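Enquirer: If you're matching them up, the sequences are chains L and Y in order. Position 632 of the first sequence, counted from 1, bears residue number 1176 in the numbering used here, the numbering being contiguous throughout. Position 187 of the second sequence, counted from 1, bears residue number 236 in the numbering used here, the numbering being contiguous throughout.
Mixed in with the good hints there might be a few duds.
Some chain L residues near chain Y, calculated using beta-carbon distances under 10 angstroms [to be verified]:
| hint | residue |
| --- | --- |
| 1 | Gln1191 |
| 2 | Arg1193 |
| 3 | Ser1195 |
| 4 | Leu1199 |
| 5 | Ser1201 |
| 6 | Leu1209 |
| 7 | Ala1212 |
Keep in mind the hints are simulated off the structure, nothing from the lab. The structure presented is a predicted model; accordingly, all values stated were derived computationally and were not measured. The beta-carbon is built from N, C-alpha and C at its ideal position, and this holds for glycine as well.
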Amino acid sequence: MTTTFPSLLTGCVALLCGWVLVGLAGLLRPESVRFAGRTLFTLGAALGLGLAALAGASLLSGGIERLILPIGLPELPLHLRLDPLSSLFLFLLGASSFGISVFAGGYFREGEGTAPGLLCLQYHLFLASMGGVLLANDAYGFLVAWEVMALSSYFLVTTQHRLPEIRRAGFLYLLMAHVGALCLLLCFGVLQGGSWLFTFHAMRAAHLSPGWAAAAFLLALVGFGAKAGLVPLHVWLPDAHPAAPSPVSALMSGVMLKTAVYGMLRVGLDLLGRPVWWWGLAPLILGLFTIFYGVLFAAVQTDMKRLLAYSSVENIGIVFAGIGLTIVFAGSGMKAVAALALLATLYHCLNHAFMKSLLFLGTGSVLHATGERNLGRLGGLIHRMPWVAWLTLIGTLAIAGIPPLNGFVSEWLLLQSFLFAGRLPHAFVNLLIPMGMALLVLGAALAGYVMVKFYGIIFLGQPREASLARAHDCGWLERVGLLWLALGCLALGLFPLQVIRALGAVTAQLIGAVVPQASPHWWLLAPVPGRPVSYGPLVFLTATTAVVLLTVLVVRLTYRQRVRRGPAWDCGFGAVTARMQDTAEGFGQPIRHLFQPFFEIERQLPEPADREPRYRIAIRERIWRLLYEPISAAVDRLANTAARVQQGRISVYLLYSFATLLVLLAVALIS
Amino acid sequence: MTHLPLGQQLLDTCAALLLLLSFAMLSQRRVVTLVNLYAAQGAVLAAATLLLAWRTGEEHLYVSAALTLVLKVAFLPWLLHRLIRRLGVYWDTEPLLKVSGTMLAGLVIVVFAFSLAQPITRLASTDTRSAIGIAVSVVLLAFLMMITRRKAMSQVVGFLSMENGVFFGAMSASYGMPMVVELGVALDVLVAVLVLGVFFFQIRERFDSLDLHHLETLKERD
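With the rest of the complex left out, here is chain L (with noise of 0.2 angstroms):
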């Protein structure tokens, strides 16, 4: 279906430019805080929030648009498409990316690393570029926006570029990128089967033999799941996440890690055609995996963005699961619960774009108020930052998954499609699946301790450091965009049959099904026909504020007289300080003793004669010792004995290419 000629998808076109003219923009006045940062953050903002309305009409809507630009290679001019897949990751960039902007351009400061300019051009090109994926709709077009983001997020990242840890951090970000991308374009090479053509069209009508097709699905499940961060190429995101600028962390996390999720829903449902079920166990497993593996790790992190990080990673893998198994459903045959996998996925990744955007957003604003990123001397800050403090509570219930929010939602209906898993029809995956259903739950269970621990420590209790006493609440562009991130997390929460309805064209277009709704009332969620399960998050949010309101009437009046304050008891103990807090390493450390194994834990404990004891502790991961450290010692080995040929005397190479000659020669010679 081609509509007339300004469309959405040409309006989205110009959204996209529109962002890296205003990043170019910043170019004007580098220097200059007010213009580059307050104005053409301010500006960029609102272009998202034109994305946002331009893409969720076309949702609605449900139409494909097509549009061939004569820019790009000289056979293949760029190919755009703008369907209800790109539409809804579309509407996820522009939402959440409105609410990051605007807290951005309160944000930026004078004299911290890169010029406000400069980094307003490589924030709004990583925006474009992450709009151009989206849209891309031939290899080389996506892949060109692919590299481009890789390579603006990396100037992002490594914005203090003056401290080597964060060089280093860029570095491996980088390095994980382009493995991801290699991976990228080797999957590319295969899906377009034999004709050359990469248009994505024309990779839907190539026939891949079976065996070709599970190597390209298995390289797109690499390429992406580098960039998703999925175990175990997940390494490189727990250190680029703390090293960027908060509002950079949160777009990273909230809307790139989504693109990689677009990118395997395009290639395994979409430019693959029919999915083998057995293709699916594979994302499957490895998200089952690790959903566990971050939690447990984000429990034990005693920097609060490394913590986010980790929590990121998790939920990643929370995505990746539903990715499987819709495949596993969908290539099994049983299109309806396919269809309702597939809806927890993508409604966990709109979860999941404002709820962590929300939080990492939050952590922006403390280390601002504090200078402080280490849980250690932090605490007690909802007392200084109310507005920080009460608006990242909203994002930490959602994303721990407590209803009325939205974290809930997503997560019910992932264990609702989970259900179905008995009725596969192969022997023991049928069996084995429900098991993985097991593995969720902890991880959700889990995700609530760290969420109460991230933030319980920073921002409960009493203030662990004196310095803390001059932290400030934020500015007020700052709390427009944690409002706004807010406000999404309780609108995604309390009207999930809306959003359903809307992420239906999606469904239909991937699956050729939609969840039905199985109630007559327009309040209650009930997404399987014919089982009693339904959810009422208006009734669940009435319900509790009506119970707290009568707790707080009924206490209010029964005890007005007789409130009394005093010290509380200290055991008979005088000196207490707000040291004696319970501490991140110490509400780490039941998980660090229960899951030993996967942790590698360097413990320093004081001497018990020791004047100044202190107590150092860190934790590695067994992957680096496993994984990477071998990998990386062979590849210096192969360096070396590569260098050998230089030898660093230009005789020596002209003889090289001499001898080459000679040889070439002798072969056509003989030939």
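Please arrange chain Y on chain L, whose structure you already have, making use of the hints.
Expert: Quick look at chain Y alone, frame taken from chain L:
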């Protein structure tokens, strides 16, 4: 014994002279003489081109001959001489291989080149096809000279002489390359020499010498 036409004989003489000059360059250690030999090679080449142009009536070969004369006999040698004077490098140091050894290697290479040129000679339709072997030899001998020298100056001369061989090869195989290509190559050579001239000054400034073994420290691992 069949008698070849006079023009053919003259062309063959030119080709032989080219090969002889290549060997002379291979054995020469004085840089100034090397440049002179290069100029002589250019002159022979120009003469051969002129002869060929006269014999075949191909007009663009006249232009080639004029270009060769101006560039390779006059301008480049003048430039190189100036460079030598400015840099004060009149002698190459002891070559990496003894001169006698180099000459022997050169002989082997000439044999190889002629056997290599045989199939091409059979395919080519030009009168001058017998000279293709010589052209290949000139290229390879110039390459050998670049390998065995230490000073950057001699290597540039080797590079230029190699280009002479390529030019001669193109001429004898197909009466020269298209004009555009020839002009492009001439420009390339010119630019290369200019850039290398700048390089020499930089190298000397950095190491106080043009001896290339100073550059050996530039490798990554010991």
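Enquirer: Using Cβ atoms only, decide whether Arg1193 (chain L) comes closer than 10 angstroms to chain Y, and label the hint accordingly.
Expert: With Cβ-Cβ at 5 angstroms, under 10 angstroms, it holds.
Enquirer: Would you settle whether the hint for Leu1199 (chain L) is holds or violated, based on the nearest Cβ-Cβ distance to chain Y being less than 10 angstroms?
Expert: 5 angstroms, holds
Enquirer: Mind checking the CB of Leu1209 (chain L) against every CB in chain Y and telling me if the closest is under 10 angstroms?
Expert: Interface hint status for Leu1209 (chain L): holds (5 angstroms vs cutoff 10 angstroms).
Enquirer: Is the interface hint satisfied for Ser1195 (chain L)? The criterion is a beta-carbon contact with chain Y at less than 10 angstroms.
Expert: The hint holds - Ser1195 (chain L) has a Cβ within 10 angstroms of chain Y, the shortest such distance being about 5 angstroms.
Enquirer: Min Cβ distance, Ala1212 (chain L) to chain Y: is it shorter than 10 angstroms?
Expert: 8 angstroms, holds
Enquirer: Classify the hint on Ser1201 (chain L) as holds or violated, based on whether any CB of chain Y lies nearer than 10 angstroms to its CB.
Expert: 8 angstroms, holds
Enquirer: Regarding the hint that Gln1191 (chain L) lies at the interface with chain Y, is the smallest CB-CB distance below 10 angstroms?
Expert: Nearest chain Y Cβ about 7 angstroms off; hint holds.
Of the hints listed earlier, there is not a single one the structure fails to meet.
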